[in-house]
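Below are the chains, spelled out letter by letter.
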Amino acid sequence: MSSYLHPDRLFSSDSSQRAIARTIYQAIKDLPIVSPHGHTDPSWFANNQNFSNAAELLIVPDHYVFRMLYSQGIGLSTLGVGQGTLNLEQSHQVWKVFADNYYLFRGTPSRMWLDYVFAEVFNISQPLSGATADTYFDTINQQLATDAFKPRALFERFNIETLATTEQPLDKLKHHKTIQQSDWQGRVITTFRPDNLTDPEHPKFRDSFKALASAVDMEISHFQDYLKAIKKRREYFVEHGATATDHSHPTAFTADLSSSQKESLFQKIRSFAFSPEDAELFRGQMMTEMAAMSIEDGLTMQLHHGCFRNHNAPVYHEFGADKGADLPVAIEFVKALQPLLSKYGNHPELNIILFTLDETTYSREIAPLAGHYPAVKAGPSWWFHDSPEGMIRFKEQIIETAGFYNTVGFNDDTRAFLSIPARHDVARRIDSRCLARLVAEHRMSEEEAVDVATDLTYHLVNKAYKFKP
Amino acid sequence: MSSYLHPDRLFSSDSSQRAIARTIYQAIKDLPIVSPHGHTDPSWFANNQNFSNAAELLIVPDHYVFRMLYSQGIGLSTLGVGQGTLNLEQSHQVWKVFADNYYLFRGTPSRMWLDYVFAEVFNISQPLSGATADTYFDTINQQLATDAFKPRALFERFNIETLATTEQPLDKLKHHKTIQQSDWQGRVITTFRPDNLTDPEHPKFRDSFKALASAVDMEISHFQDYLKAIKKRREYFVEHGATATDHSHPTAFTADLSSSQKESLFQKIRSFAFSPEDAELFRGQMMTEMAAMSIEDGLTMQLHHGCFRNHNAPVYHEFGADKGADLPVAIEFVKALQPLLSKYGNHPELNIILFTLDETTYSREIAPLAGHYPAVKAGPSWWFHDSPEGMIRFKEQIIETAGFYNTVGFNDDTRAFLSIPARHDVARRIDSRCLARLVAEHRMSEEEAVDVATDLTYHLVNKAYKFKP
Amino acid sequence: MSSYLHPDRLFSSDSSQRAIARTIYQAIKDLPIVSPHGHTDPSWFANNQNFSNAAELLIVPDHYVFRMLYSQGIGLSTLGVGQGTLNLEQSHQVWKVFADNYYLFRGTPSRMWLDYVFAEVFNISQPLSGATADTYFDTINQQLATDAFKPRALFERFNIETLATTEQPLDKLKHHKTIQQSDWQGRVITTFRPDNLTDPEHPKFRDSFKALASAVDMEISHFQDYLKAIKKRREYFVEHGATATDHSHPTAFTADLSSSQKESLFQKIRSFAFSPEDAELFRGQMMTEMAAMSIEDGLTMQLHHGCFRNHNAPVYHEFGADKGADLPVAIEFVKALQPLLSKYGNHPELNIILFTLDETTYSREIAPLAGHYPAVKAGPSWWFHDSPEGMIRFKEQIIETAGFYNTVGFNDDTRAFLSIPARHDVARRIDSRCLARLVAEHRMSEEEAVDVATDLTYHLVNKAYKFKP
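Residue numbers (numbering that gives the first Met the number 0), protein chains in the order written: chain P, 0 to 468; chain L, 0 to 468; chain G, 0 to 468.
So here's chain P without its partners, still in its complex pose (with noise of 0.2 angstroms):
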């Protein structure tokens, strides 16, 4: 353990709790990691290459990092964001730009995710400063160029025992047939994740559309076409291993038209003429469509609405997607739901997990809905909310109503692939630490709490996801 990581970190330091949560997080914290949702690269465990240095691992690909320096005024350029491969020198400067901007830091997951990864992952034993930055930029580049280092090793180390990533539907998921093919045993799958088909105002919807009849060789000139080929996509992606599907609408809304509302409303997006309503139904008819197949094909649907993206129009000019722009919008769950719940929400089969960027539908709309209906699960604290107060409110406010065991253990959901033992790490003390306090204050057993907090980090995934443990 290094010198700066405290073991008792995120524990309350209420005493009596404290000693509860080290007993149950010892009976977790060396379970395999399951990670059933995700947005890591297949290509680095199908290539098994070296990574390049820390800033271009660690600080350009990750939103969560930079766009709190840009918040404080720091250019994009200046850390290296849409400026292709950066040299030793230039990588060196933006380590160094971030290295004194560490403090900007204090008191938010990103610090401790990455104070993880430089300790545990690394074995730096002396906190980051500016004063460290060049000791720190040299120990992590050596390091990355071994062997050790390594995706693949990376992955045995983290003992990682199902890792999902998430691809658009028309992909070819040629890095997963090469992992599938290969002799190492690391189980990587895809996730079907069909918003370019679903959405009808998706920046890639019209090249999609367009793209989807000869990725299946057929003709769709009808809804019932369409449908069928979105199938024949679910299982060519089902053959890669995926389990599940991922939507991001901008609302929760679903419909449940009439087979001749539908063929109308397909001939109207077809031809790219739709108005915003229109394309609004659409999505609402494709997620019910979608609850359909998983009922025929098994898939977990998972739900991940509610996001403002690219609201930054000159930086999304400049830099592109995914630029830490994308912001959360209220939500509503309860009537968007209604039509598809009422047709499918009773199958016991089915699992539709929610997803929330709006805290405040917790209480209200999720723990109501999963106490209810048996195809509803409350997926785990999102994004921003994926932090060590997001997840205490996540528990307070769902498991009343909801119970544990209507919800679906932790989904990192990063694509920063060194911070995936520091993010479950993180879940696994909040679980010890909400946990211990039901003991603490005697409203639940310690047995029955370290059952609890098992099923929450391996049980409730592999079920939810139906992952063959």
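Everything labelled a hint here was simulated from the structure, so no lab data went into it. Predicted model only: the values in this text are computed from it and were never measured. A couple of the hints might just be wrong.
To be verified - Listed next, the in silico DSS-like pairs over lysine-lysine satisfying Cα-Cα at most 25 angstroms (straight line):
| # | chain 1 | residue 1 | chain 2 | residue 2 |
| --- | --- | --- | --- | --- |
| 1 | G | K334 | L | K334 |
| 2 | G | K227 | G | K209 |
| 3 | G | K334 | P | K203 |
| 4 | P | K334 | L | K334 |
| 5 | L | K334 | G | K342 |
| 6 | P | K203 | P | K171 |
| 7 | L | K203 | P | K334 |
| 8 | G | K322 | L | K342 |
| 9 | P | K95 | P | K171 |
| 10 | G | K231 | G | K203 |
| 11 | L | K467 | L | K230 |
| 12 | L | K230 | L | K173 |
| 13 | P | K334 | L | K149 |
| 14 | L | K231 | L | K465 |
| 15 | P | K322 | G | K342 |
| 16 | L | K334 | G | K203 |
| 17 | P | K334 | G | K334 |
| 18 | G | K209 | G | K230 |
| 19 | P | K342 | L | K322 |
| 20 | G | K173 | P | K322 |
Claimed, not checked - Just so you have them, the derived chain L footprint on chain G, three or more residues with Cβ under 8 angstroms:
| # | region |
| --- | --- |
| 21 | 68-75 |
| 22 | 375-387 |
Said to hold, decoys possible - Computed beta-carbon distance windows for the label pairs:
| # | chain 1 | residue 1 | chain 2 | residue 2 | range |
| --- | --- | --- | --- | --- | --- |
| 23 | G | D277 | P | Q167 | 29 to 35 angstroms |
| 24 | P | Q71 | G | K231 | 29 to 35 angstroms |
| 25 | G | A291 | P | S181 | 54 to 60 angstroms |
| 26 | P | K267 | L | P313 | 55 to 61 angstroms |
For each residue, glycine too, the CB sits at the ideal point set by N, CA and C.
Got chain P sorted already, so can you dock chains L and G onto it with the hints?
For chains L and G alone, coordinates are given in the frame of chain P:
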């Protein structure tokens, strides 16, 4: 005290807070129970018959309990719901399923209430599980058959001083009459709940509307007739003990129309040819009329708005209402109540108690409204939020703006008679806990805290509902 | 230290957290007070006259205080509100009613601030109650009559370094001029609050619009004239010390219209024949214009949107504005601010501080906006939420996403001059408490916590409002 209920449960584990909580709790734990709002069946107290068995009493009628089992894929029929009277073997089977799955309730208030019922009401000393299911079933059934477990005996054992039930406005109140005319001294009163006359979209509106005229023996051609008829029904309820009305509309909207607007709206409603907008306007106007009548007859108004009823269409069609599929939606009070409050909100004798399923309104709307208008009070945390964490959030988000004296103590709001002492005990413990924190942090003296706890448990309830202690 | 204010008040009762909180508080408790936003009366410091008496100073003008008494049925007239200058006997009566009902404030921040004023400013050693009312009244009045209690003497005793008042844009700022021209060194500056020129539905818009032309001595026929005239008023305010503007609209809506759209909208507004939609569009466009001017003249923008003013019609008609009937409504920032932020949000010199009465926006909107846009900062918890629990929620819901360095320290926002040190003391205690928790849970070092506390108390305020320390 049973072995598995800890005497300090729900108090903070911080030793200084816990000691203070014990002192406060000691001062209030034996105060009489005042239950100003709930849904117990008055026939129990009129007829005083023994309850049948554990499953038929505790599982089949309690949607808090069966919804959780249903959410995990256990069929409602398997749980005895909608199956008519169960024989003992069927009841035993239901009980067994419940016991086997009792772990699903970990972390929920249902678990805490049920444990209290088992330990305190039935004096069982080991926790419920599959292994103890049979013993539980027999032990509970044996006791239920005794005189000591007849409704009136339990009412007295529970130390209930006042218990309000809730009836629709055309109810003849025969059970209340029987109780009034009996020599039993227990105070069981009714509450006037006129949604089927104020909401044109209520499933029973058409029938109730037609039945009202004959119930009050007058012709109803104009809006003033309608109001007069409703007034008569209120008088009838007052004669049977009512001190409050209760209202549940989809939104909190109120209106203040001119006489001619009211009349023309009424004629549309009366013809049953109205639009959704007409229905909303009528509901809004009726709330204002109810406030006017309350100023005359003194009935406290309870507003339980903002619930999406019967969300799950197949469950509603097969099993009917109140099957765990009533779900909260976001609600707005400030704009919605402005017409009513600008008209009547400054009246010092009017009591309007606001309940919410949308906790975001606690600090944003309810507390500021209660902290200004003489007529407005903040009702306790309701339904899904009537839980330890829910009550803590209520205190933390309401009191700083509204003060304790614009709240009205606790409501158990239950149809599960045996859980009443359990629910009041949880409320008293959480009151003690929250006040102990203020004392331990030197924000209030211990003497004041005991004073406030007593007011919350007893005096503020009696005052808000105009009960004579 | 007075006997009834505990030195550890508001710190956690957990002993490890409390010890750390003391250390942090020790480091910041004597730092100068910087008060960048508030509503004190500049004439106090210009004329330096003694205040009259306890009731006229502490009760009658403070809507925080009298609204609570009013909510419990005590008439505003009984509290001296709207009665003109009170004589000593009348003031005494008001004081007596307040003292008799002081228990109503239990658990509120008003109670905490008042106790501080009594104990620390007036050095009274026993709590206020009906029994001590007379002693309090006399003791306070005696002290108020002394030189030591003249406004400038108190300003110095309170260790105020900068105090900003708020004036409407046509104000001649004569009191600020008097202060500037005096030999007194106290820094009392103004703030530019142009709602009566940016909001066509503001009750004073019509008069202000007409008065603007003569105030700046120019003709205003076109939108560009209007902007030029407002710029002149901003220059005048800058000459009198202003470093910030302040804006309060019903919503956060912004717009970015073309020149011709602006001109045509302006002509409608100018004719006073505009629809509610026109008014909203004009407010939205004016916010964008204000941002453009701020980039030129450097004034920090404060947005205090989302309040329903004068909700209680009879109270407004009889007693006027600011009588405790301004109520929060739900607000949306992400969509609303997009036009303005995409235009100016990346400007590193622009400061836009977001305040909210809707706490749901903390984690959902404000923190993500502040954690991305260089121009956006999160203002401290405001009005109803400027309380111990409110500040704790702010910290827990803002910091993990925005970090501490996208916040701007504390605002007292008060018209109650004597409460300024009380309010800053509560803020410093809660900062110490929240940081102590992070330290005790090993999420931050104690050294870093002291650093952050100092930044929150002093440096971040000066930076956000461009004050020279």
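Verification of the supplied hints:
| no. | hint | in the structure |
| --- | --- | --- |
| 1 | G:K334 with L:K334 | holds (22 angstroms) |
| 2 | G:K227 with G:K209 | holds (15 angstroms) |
| 3 | G:K334 with P:K203 | holds (22 angstroms) |
| 4 | P:K334 with L:K334 | holds (22 angstroms) |
| 5 | L:K334 with G:K342 | violated (32 angstroms) |
| 6 | P:K203 with P:K171 | holds (17 angstroms) |
| 7 | L:K203 with P:K334 | holds (22 angstroms) |
| 8 | G:K322 with L:K342 | holds (17 angstroms) |
| 9 | P:K95 with P:K171 | violated (39 angstroms) |
| 10 | G:K231 with G:K203 | holds (20 angstroms) |
| 11 | L:K467 with L:K230 | holds (23 angstroms) |
| 12 | L:K230 with L:K173 | holds (19 angstroms) |
| 13 | P:K334 with L:K149 | violated (43 angstroms) |
| 14 | L:K231 with L:K465 | holds (20 angstroms) |
| 15 | P:K322 with G:K342 | holds (17 angstroms) |
| 16 | L:K334 with G:K203 | holds (22 angstroms) |
| 17 | P:K334 with G:K334 | holds (22 angstroms) |
| 18 | G:K209 with G:K230 | holds (16 angstroms) |
| 19 | P:K342 with L:K322 | holds (17 angstroms) |
| 20 | G:K173 with P:K322 | violated (49 angstroms) |
| 21 | 68-75 | holds (count 4) |
| 22 | 375-387 | holds (count 4) |
| 23 | G:D277 with P:Q167: 29 to 35 angstroms | violated (44 angstroms) |
| 24 | P:Q71 with G:K231: 29 to 35 angstroms | holds (33 angstroms) |
| 25 | G:A291 with P:S181: 54 to 60 angstroms | holds (58 angstroms) |
| 26 | P:K267 with L:P313: 55 to 61 angstroms | violated (31 angstroms) |
Consistency note: the structure conflicts with the earlier hints numbered 5, 9, 13, 20, 23 and 26.
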